[in-house]
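J.: Chains as they are written, first to last, in UniProt numbering: chain A, 1 to 480; chain B, 1 to 447.
Please keep in mind that the hints were generated in silico from the structure rather than gathered at the bench.
Treat each hint with caution, since some may be false.
Okay, derived cross-link-like pairs now, BS3-like style, lysine-lysine, Cα gap no bigger than 30 Å in a straight line [claimed, not checked]:
hint	chain 1	residue 1	chain 2	residue 2
1	A	450	B	96
2	A	195	B	96
3	A	97	B	135
4	B	135	A	272
5	B	332	A	149
6	A	97	B	132
7	A	97	B	332
8	B	193	A	450
9	A	272	B	4
10	A	136	B	96
11	B	236	A	147
12	B	268	A	149
13	A	407	B	268
14	B	268	A	195
15	B	228	A	450
16	A	230	B	268
17	B	83	A	450
18	B	83	A	125
19	A	147	B	96
20	A	272	B	132
21	B	96	A	149
22	B	193	A	282
23	A	227	B	135
24	A	125	A	227
25	B	236	A	407
26	A	147	B	228
27	A	227	B	332
28	B	236	A	378
No experiment lies behind these values; they were computed from the predicted model shown.
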Amino acid sequence: MKNTDNAIDPVRYFGRLLGLDAAGMNALVTRALLGAEDGELYLERSESESVSLDDGRIESPSRSVDQGFGLRRVNGESVLYAHGNTITARAIIRAGKELREIATAKQRYEVREEFPQPKARYAGKLTSLSLAARVKVLRAIDRYARKDKAVTNVDAYFAASLVSVLIVRADGTIASDVRPMASMSVTAQCAEGGKREGASASIGGRYDYARLITPGIWKPEVDRAIKNAKEMLRAGPCPSGVMPVVLGPGWAGVLLHEAIGHGLEADCVWRKTTVFADLIGKRVGSELVTVVDDGTLADERGSLTIDDEGTPTERTVLIKDGMLVGFMHDRQSARLLAMRPTGSGRRESYEYRTQVRMRNTLMVGGATPPEDIIAATKRGLYMPSFGGGQVDPVTGQFVFSCELAYKIEDGKLTTPVVGATLIGNCATVLTHVDLVGNDSRLGGAGTCGKGGQSVPVGIGQPTLRLSGGVTVGGTETSPE
Amino acid sequence: MDQKEMMRVGKQLLRHAKSAGATDAVVSVDTSTERSVTVRDGVLDDVAFSSSAGFMVTAIVGNRRGYASSSSFENDDLARTAKEAVLSALQVSGNKHVRLARPDEWPCGVEELPGRIAQLDRCDGSLPPTLKELKMRALALDRCACAFPGIARSEGTSFGFQSDMSVQLLSNGFSVVSPSTQYSKSTSVIAEKAGEMKSSSHWHMATHCADLMGDEECARRAGEYAVKQLGARSIKTEAMPVLFDKRVSPRLLGAFFGAISGERVYQKETFLLDHLGSRIFRDDVRIIEQPHLPRRLGSELFDDDCVKTTPWTLSDQGRLMMWATSIESASKLGLHSSTGHASGALNLLLCPSMNSLDELIRKIDRGFLVTDLMGRGTNIATGAYSVGAEGFLIEHGEIVRAVNKVTIAGNLLAMFRNMIPADDCSDNPYGANAPSCLIDEMMVAGD
């Protein structure tokens, strides 16, 4: 990435590498995917750069360029995938031949979406900052954080990428997209009375560094990391057992993403590996719960103009007033379940086949001010955020770790506690939502993992209360 | 790209880095081909075929270091990437801990390296399997897995092959080519009874096809566990002894190794900070590393810094013997030399003890046998440990029923201090191995 507008035109760039025009690319894909039901040639060039600050020192500046192709052949339930770095017609034909050897010929899937040119959800370029300019901001972050005497160390980084993709489908559709991404993260280590704790905060989206380097943007993140680290220093042990739990707005929506969202990705529906497979039209949450997966939000991490199969993205309503109304689909799941693709076919890079994936998953806000939710809770736990979690899709059991939580006593937040773990069941957790705040928003800089692939996503929700159905795991026995 | 071509590209990158102003440089060039087939209930599910290549340049200018990488091998790309590494290096802070591995830190002289690499025997010389052959083998394992009593269906059974070639060059003369092969099989099954489902999987990997676990054994390990866990339910919240089955005890070793990392020690972000040389385990705990086991995945002659690896004893008679360092972290700690841990732990083993596992179980009046863990609730800085768990309830010395939906919590320092290793041992083909381990008391939270 240079200091200027660096966007490439994917059709021209890959056309030059292959020595083909659009018609030539179509002919190549027709040949490589002979007898396939569906599939595409996916071409990608990604440029990325990052630099970090660690203990006052600028470290690990890196820049990388990666490009390659992925050839996907879909027949019924099976996906045959070949990829490589050598973008030549010969390599693509060879990959096609390798796959054809174990594939059975099928009727071509001829459903083509009729859509106008999709509306761009972000600027298809990244005006990069010079490394020197990024280094300057990192140093400013370091100085700012260290004004707080409790801070013993600051880690921070900037990362950005620009990914240009060209999709040539077996049905003749050609689509392209240029996707920017920038993110910033800060970790503050604090010490007090021989104890040490660290906490992080991060932000990012499909935009320029310019947005992140404004002090008005990064200062609140640094403040939040320091505040959380200091709270952890004075935190006590976490109670354990069943109790009401209030989840904070924004990033705590990672529970919604993991426990509910993944089960609504339709590849698990036709594979019957989700507890939600047969629940369309049924109640899965209290009537306060409405959940959407939205790829159309401007500049968010999970926003996409088209997905990685070339389908334009959309706002998909998953749960409406507690009723399950829809799943997210790629072309394969849509075909197998006789539904419509929702623009949810995504992949980490050309090295991976597409999967049904979330984009920006959000619970829609309710009517209650967040402070009233705490005030209405006599005894329980407030979890403003989660560190990470895991879900067993077959049993529906989920586990989340919460680095910093607060006891709620008589309607007030009291002692901070560390080391809390929250477990519950996906199928029933939303039925326990009895209060939903009016403060819904996206938060953090999320990256979602599934089947070994990571993609950027948006995560969000309002403050909400689970009146039961979850168990808190800590080291302290709960007072009865 | 063959070995000779990779070496040629590597040397050219070193030259480009030097002429762009690098005082020293590190170059790696890697190629990989991979084939794998996944079937599900006898039907072809997923096929992958790939050939990839890439290179990375680390440029050192004085005591500054920068990186750049690319997967495009055009002549211009080589020069451009090397130059970018140098330009990034010029922007960073000087780091007095940056240096190349000295010849006395290499595993041996450059001319002896090919022979030593060959002794590790990480390459199966036979012809790479075709996709068709892989499909046959995956189908055979899938049939076997589905036939296990109590198993309703498979969720995916894979057979894969990968062949890697890696060239590493240092500008002070270190130069090595490391080829390796990897065969893998895995199966994931679902047990079903009265509408309740439980999934479980098992995988195995080996450098040589002949070393792969047999289909029956692989299918049995996946199936048996899923069936035994059916009917699991939670237990009442209380503190009790927790026995980590050998399925999960190696993860305690992972936490141990994380806590002795030189970088964490330097940052003072480990709960073992003040414990070097002192007793952190019972005296029957011995932890060793075996980096040179022939034919084993993860065996290495040298680490990412090109410093030789060593069969260290990390804990002897319960004492913490050393920190695990790289060139940089050793220098930061004021230590003379790296322990060769720039790439992490190599084949860690917590040695089985004389304590009979059956005897340990018999002595538990009420306790929890943990067989699977969920979540990432391990804080290496403080030792706080809280994770989701499933397993079995032990009452009056007997395993009585399956348990899930609980969390277990404690502090790693306290857990380590009283941990009793048993006389069995896990047999993971990759990474750490350990016997089952009994922790005298943890908080188990359930209903």
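J.: Each hint: holds or not?
T.: The hints, checked one at a time:
1. For the hint pairing residue 450 of chain A with residue 96 of chain B, the CA-to-CA distance comes to about 40 Å; that exceeds 30 Å, so the pair is violated.
2. This hinted pair checks out: residue 195 of chain A and residue 96 of chain B have alpha carbons roughly 29 Å apart, not beyond 30 Å.
3. Under the criterion of a C-alpha separation no larger than 30 Å, the hint pairing residue 97 of chain A with residue 135 of chain B is consistent with the structure, at around 16 Å.
4. With a C-alpha separation of about 23 Å, the suggested pair residue 135 of chain B and residue 272 of chain A falls inside the 30 Å cut-off, and the hint holds.
5. Proximity of residue 332 of chain B to residue 149 of chain A is assessed by CA-CA distance (about 24 Å); at most 30 Å being required, the pair is judged to hold.
6. Between the alpha carbons of residue 97 of chain A and residue 132 of chain B the distance comes to roughly 13 Å, so the proposed pair stays at or under 30 Å and holds.
7. Restraint check for residue 97 of chain A and residue 332 of chain B: the C-alpha separation of about 54 Å exceeds 30 Å, so the hint is violated.
8. Simply put, residue 193 of chain B and residue 450 of chain A have alpha-carbon atoms about 28 Å apart, close enough for the 30 Å limit, and the pair holds.
9. Distance hint between residue 272 of chain A and residue 4 of chain B is unfulfilled; the C-alpha atoms sit about 49 Å from each other, more than 30 Å.
10. With a C-alpha separation of about 21 Å, the suggested pair residue 136 of chain A and residue 96 of chain B falls inside the 30 Å cut-off, and the hint holds.
11. Taking the CA atoms of residue 236 of chain B and residue 147 of chain A, the gap is near 47 Å; set against the 30 Å cutoff, the hint is violated.
12. A C-alpha spacing of about 17 Å is found between residue 268 of chain B and residue 149 of chain A, which places the hinted pair at or below 30 Å, so the restraint holds.
13. Simply put, residue 407 of chain A and residue 268 of chain B have alpha-carbon atoms about 29 Å apart, close enough for the 30 Å limit, and the pair holds.
14. At roughly 10 Å between alpha-carbon atoms, residue 268 of chain B and residue 195 of chain A fall within 30 Å of each other, so this suggested pair holds.
15. About 27 Å separates the Cα atoms of residue 228 of chain B and residue 450 of chain A, which keeps this hinted pair within 30 Å; it holds.
16. Among the hinted pairs, residue 230 of chain A with residue 268 of chain B is consistent with the structure: their alpha-carbon atoms are about 17 Å apart, no more than 30 Å.
17. Proximity of residue 83 of chain B to residue 450 of chain A is assessed by CA-CA distance (about 36 Å); at most 30 Å being required, the pair is judged violated.
18. For the hint pairing residue 83 of chain B with residue 125 of chain A, the CA-to-CA distance comes to about 24 Å; that is within 30 Å, so the pair holds.
19. Under the criterion of a C-alpha separation no larger than 30 Å, the hint pairing residue 147 of chain A with residue 96 of chain B is consistent with the structure, at around 26 Å.
20. The suggested pairing of residue 272 of chain A with residue 132 of chain B holds, with an alpha-carbon distance near 27 Å, which does not exceed 30 Å.
21. For the suggested pair residue 96 of chain B and residue 149 of chain A, the alpha carbons sit about 27 Å apart, so the restraint of at most 30 Å is met.
22. A hinted pair counts as satisfied when its Cα atoms are at most 30 Å apart, and residue 193 of chain B with residue 282 of chain A qualifies at roughly 24 Å.
23. Only pairs whose Cα atoms come within 30 Å are accepted, and residue 227 of chain A paired with residue 135 of chain B is rejected, the gap being roughly 55 Å.
24. Of the supplied pair hints, the one linking residue 125 of chain A and residue 227 of chain A is violated, its CA atoms being roughly 35 Å apart against a limit of 30 Å.
25. Under the criterion of a C-alpha separation no larger than 30 Å, the hint pairing residue 236 of chain B with residue 407 of chain A is consistent with the structure, at around 21 Å.
26. Straight-line distance between C-alpha atoms of residue 147 of chain A and residue 228 of chain B comes to about 57 Å, which puts the hinted pair past the 30 Å bound.
27. Taking the CA atoms of residue 227 of chain A and residue 332 of chain B, the gap is about 29 Å. The hint holds against a cut of 30 Å.
28. For the suggested pair residue 236 of chain B and residue 378 of chain A, the alpha carbons sit about 23 Å apart, so the restraint of at most 30 Å is met.
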